[in-house]
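Visitor: Here's the letter readout for the chains.
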Amino acid sequence: MSTAILLLKNIGKIFETEELETHALKSINLTVNKGDYVSISGPSGCGKSTLLSIMGLLDVSSSGEYFIEGVNVTDLSLDQAAEVRNAKIGFIFQSFNLIDELSVFDNVALPLRYHADKPNNATIKKRVIECLEKVGLSHRISHKPNQLSGGQQQRVAIARALVANPAVLLVDEPTGNLDSKSADQVMDVLDQLNKAGTTICMVTHDPRYADMARTKVQLLDGAILQAPVAKMVG
Amino acid sequence: MNLFCYQLKQAYLSLKQKPIFVLSVVSTMGVTLGALLCVLTLAYVMLIKPLPYPDQERLYNVEHQLISNENAIDGRAFTYPNLMHLYNQQSLFEQSVLMYVDGGVITSLPSEPMVAISFITPQWFSLFSAKMAIGRGFEESEKVNSYNPVAVLTYETWQNKFNGDINVLEKSLTLSGNNYRIIGVLAENNIEAPLAGAGFKTELYLPWDYNSVSERERKRWGNDDSGLIYVGKLNKQYAEYSKPQIDQILTKVVNENWQSKVSGHDFFKNWSIVLETQTLKSFIVSDGERSVYLLLIGSLGLLFIACANIANLFVSRTVERQQQLAISAAVGASKAQLFRNILAETGLLMFAAILLAQVVIFVGFSVLQYYLGDFLPRIDELELSAFSFSVSILLLILLTLTFSHLCLKMINYHALNATLQSGGKGIGIQVSKRVRNILISSQIATATALVFINVVLYKDASELVNQPLGYQTNNITSVVLALPNVESEIKAQKLTALKAELLAHPKIKKVSQAMRPTGFGTLALTASETDNRYTVLGKDIDDQYFSMLKQAIIEGDNFSAADIKDNRSVMIVNDIFARKLAPNGSAIGFKFKNGVEVIGVVKSINMPGIQRIDARFYYPASLARNMLLIDQHQGQIFNRDEMIEVMKSVDKKLSLFTFTSLNEYKDRRLFSSVTTAVTTLVLAILTLLLSGLGLYGILNYSSQMRRFEIGTRMAIGAKGKDIVSLVFKDNAGALGIGLAVSFIVLLVLYLGFSDSLSAYVNVELLPLFILTLGAISLLSALACYVPLRPFIKNPVIHALKVSE
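So the sequences go chain by chain: A and B. For the first sequence, this note's numbering assigns the number 105 to the initial residue and increments by one for each residue that follows. For the second sequence, this note's numbering assigns the number 555 to the initial residue and increments by one for each residue that follows.
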């Protein structure tokens, strides 16, 4: 039996201004199980990124309940949410969001610096190198992000997302800023990680990459268009 | 030209959309530039502008120094005979003016007003190029020893005391029983040379012969009088002489004669006279020079902080305009054209600021004239002038170019196009971390140094304001009477009768026949046994004085009524003088060569606004003394009219010269300290506020630039405190450098001006310095924290969004 890593129950999100109320998400129900590779796709403005932000505890829902590994995280304080993000979630952003002043090593090590367990430097070093090896960039450890290509930067971002052993990787348009060759390389890395057991939830508007996921979720106007379709594997 | 007009119009329309930005820039720069221009104009008038008198470079003031046998300067004022000898015998000056200032009551006018009088020699009018509204000034007919009783009114006196009476000439006025015929009125625009201090404004001019120095004092070679003033215009043929040469010649004229006159006095054995000249201009501004430099430093510091703040606003504004600039660049605007675009906007803002500054200057001049007119010379000459206008234009150009250049430096012209393609994440316009750190450090260094200096001055001034005086001032009024010119015995009878009448008044508790507690003269004394000489401050009082003022007698006795009545040779000394007279024992019984014996020791008093306590002594006042202290019952106010009524009931010829409460005297003496305390406190708070705003501006901009980094860090698990700690650590270096620079600046200031500053600097300042560092550090911490609040107190997505 599959174990639910992420469970969203009737999640809604309303953006309010003085004159306007926009329902960005409407009663979203979604389960992401351990080892899943879920793609969320849909047209621009359909609420993909908003949904991913709520799943990543970057934003809060207006209604509904949200569970991560069975724990209700709907109403966490900002600091509690930070701890959960650090321990359970790995983020990969469209624009990489690497910190230019830090080396590749320091960028990847960053989540461990904020980790509750406060790992020592030797542990951090070991873990960072492991992750960089996974994405094939252990030879770029001392480089600064701006000395790397876009594809390499995104792979560093993947290593950073993996470093704290998260329960799930949340990936937002990972190929949006890449050429097709680099994009393919990044998607290969994600595919390999999933095959090795990493749970991935990815937002993409590229049908080719959405098809690589085992479960596809289609969003339209803030609602799931149809029940998640699981792709037959093997 | 058309393009620039178009750009000006566009800049105006663009600024109209940003009223808060415009208000911040124009108000901050307007007020700061106004203050600076005020002080610069003041400095120009006092330090650079020539005096408004013909051949002003040849005008000299002569200082008379009495040099003791220990080669110390014992006095800096003329003795009357020496002054007259110099006037009659010197040949260096082609014109000489003697002046003596005093007050008097015009008894011929129904209101019997007290007026400030200058007794002058005739050449005063030509030396100072005095213009007449009507009549004439003093001439040969009013030369020294002519005793021609005439008077010249100032324009204000003519208007205010004589209602501008067109027929005032040939009318007479009465002062101290003497009648003077009015022969002229000075022109309205006449600028009086402030020879007797900035606060003294002459109301009436009388010939020198009638000055109030007594006949006895006119013959005393050893008693100096600070009211005696000598100004001369150097003969053209001596214009090349150096100052030491001039001083030497004048000294010779006076000293040789003086030595022969005092040769019979043991006291002046081995004493001498030195005359020292000073150009009239530097003599007039001497006391105010330090204040002007302090004001200049303060206003330049404020301008620096304001510029740093406004630079931050311009940085933010340029970031805000990057889309507009990028579009301009994309459609073909060159870097020079972008500069003109920025120049137009900056120029408009600075122009508005300069206009506001003119209003501030105008108001500032009035404020300076009202509050500092008694303290700073030539302040009446402050006006919007070619100087203030030229400096305004210069500042306008300088600031416009500086801020425009700063904005242009931020623009990476080649990256502007990328701005249009990158969703506006700010790659086209950046301020380097180095520039940001320099801005932070300089802001902190300036603020710390200025706040500390102001706090030190505030502490010093407030200590002076709050120091206990050691005598009572509440409910006591000091009265000076103008007595008719009669024998002393008759005066004494009148005053005894007046005292009795006053004591019978239901509002009055006590009367003492003495001058106000702060008034002293300088007298020379020689110890009878040791021949030790003392030049000490002394005053004459009666037996009621100490008990009325609650000044404690700590040893020996007070004067008895008989001591006063018989004018006995006794004195009471203060504890400072007592220690000088008898360092290891009691001063009671100490005798002086003039036969005076010490009978009591009284606790010293503090002069309001002065920290130093001098040796002083008190001796019996004559019963004819024309000064009274009146102690009123609690809650009772005995006013000037009631005083006049009592006086007239005793003798219609008695006139009231001054009627002033001791609290008013105290407030006048403390005015400078109170002004300093208030000004420094306001400046310290203003500096903290301005630098707080400036630091907030830089750090806010810095946080905005780092919002993606902050968002990313938070997305991967950083908590609010982690972000705060990160930003604090990042800025700690700049803060440390700023504090270190401020310490160095203060140290350099101290080492450079140790003579002037040693009075202020002591170990007690250490807590103040630590407090200042603490305040600046706290301010910096707040300036770091406040811009972060929106990021750390909201869901992370706010920081990660491209635009808010």
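Simulated from the structure, these hints should not be mistaken for laboratory data. Each residue gets a CB set at the ideal place from its N, CA and C atoms; glycine is no exception. Hints may contain errors.
Over the 12 Å line for every Cβ pair with chain A, so calculated as not near, a few chain B residues [claimed, not checked]: (1) S645; (2) L1057; (3) H1352.
With a Cα cut of at most 27 Å, we get these calculated DSSO-like pairs of lysine-lysine [stated by the list, open to error]: (4) K1093/B with K1063/B; (5) K248/A with K1063/B; (6) K222/A with K1347/B; (7) K715/B with K685/B; (8) K1093/B with K248/A; (9) K222/A with K1134/B; (10) K1347/B with K113/A; (11) K248/A with K1202/B; (12) K1275/B with K229/A; (13) K1119/B with K1157/B; (14) K248/A with K963/B; (15) K222/A with K1045/B; (16) K790/B with K815/B; (17) K1347/B with K229/A; (18) K1355/B with K130/A; (19) K1045/B with K1064/B.
Only some residues are given here: those of chain A computed to face chain B with a beta carbon under 8 Å [stated by the list, open to error]: (20) F119; (21) L156; (22) L162; (23) L180; (24) L182; (25) N201; (26) I203; (27) S207; (28) D210; (29) Y218; (30) H219; (31) D221; (32) P223; (33) A226; (34) T227; (35) R264.
Visitor: Could you run down the list of hints and mark each one as holding or not?
Guide: Hint check:
1. S645: holds, 81 Å
2. L1057: holds, 80 Å
3. H1352: violated, 9 Å
4. K1093/B with K1063/B: OK: K1093/B and K1063/B at ~23 Å, within 27 Å.
5. K248/A with K1063/B: violated, 89 Å
6. K222/A with K1347/B: holds, 24 Å
7. K715/B with K685/B: Satisfied, since the Cα-Cα distance of roughly 20 Å is no more than 27 Å.
8. K1093/B with K248/A: This hinted pair is violated, its Cα atoms lying about 84 Å apart.
9. K222/A with K1134/B: violated, 74 Å
10. K1347/B with K113/A: Holds, at roughly 26 Å.
11. K248/A with K1202/B: Violated - the C-alpha atoms of K1202/B and K248/A are around 98 Å apart, more than 27 Å.
12. K1275/B with K229/A: Distance ~25 Å between K1275/B and K229/A Cα, so the pair holds.
13. K1119/B with K1157/B: holds, 24 Å
14. K248/A with K963/B: holds, 25 Å
15. K222/A with K1045/B: Answer violated: K222/A to K1045/B is near 97 Å, above 27 Å.
16. K790/B with K815/B: violated, 32 Å
17. K1347/B with K229/A: violated, 32 Å
18. K1355/B with K130/A: With Cα atoms ~22 Å apart, K1355/B and K130/A stay inside 27 Å; holds.
19. K1045/B with K1064/B: holds, 20 Å
20. F119: violated, 11 Å
21. L156: violated, 10 Å
22. L162: holds, 4 Å
23. L180: Constraint on L180/A not satisfied, violated at 11 Å.
24. L182: Result: holds, 6 Å to nearest chain B Cβ.
25. N201: Result: holds, 4 Å to nearest chain B Cβ.
26. I203: holds, 5 Å
27. S207: violated, 15 Å
28. D210: At 12 Å from the nearest chain B Cβ, D210/A fails the 8 Å test, so the hint is violated.
29. Y218: holds, 4 Å
30. H219: holds, 7 Å
31. D221: Result: violated, 12 Å to nearest chain B Cβ.
32. P223: violated, 13 Å
33. A226: Constraint on A226/A not satisfied, violated at 21 Å.
34. T227: violated, 16 Å
35. R264: holds, 7 Å
Figure legend: structure checked against the earlier numbered hints; hints not met, in rising order: 3, 5, 8, 9, 11, 15, 16, 17, 20, 21, 23, 27, 28, 31, 32, 33, 34.
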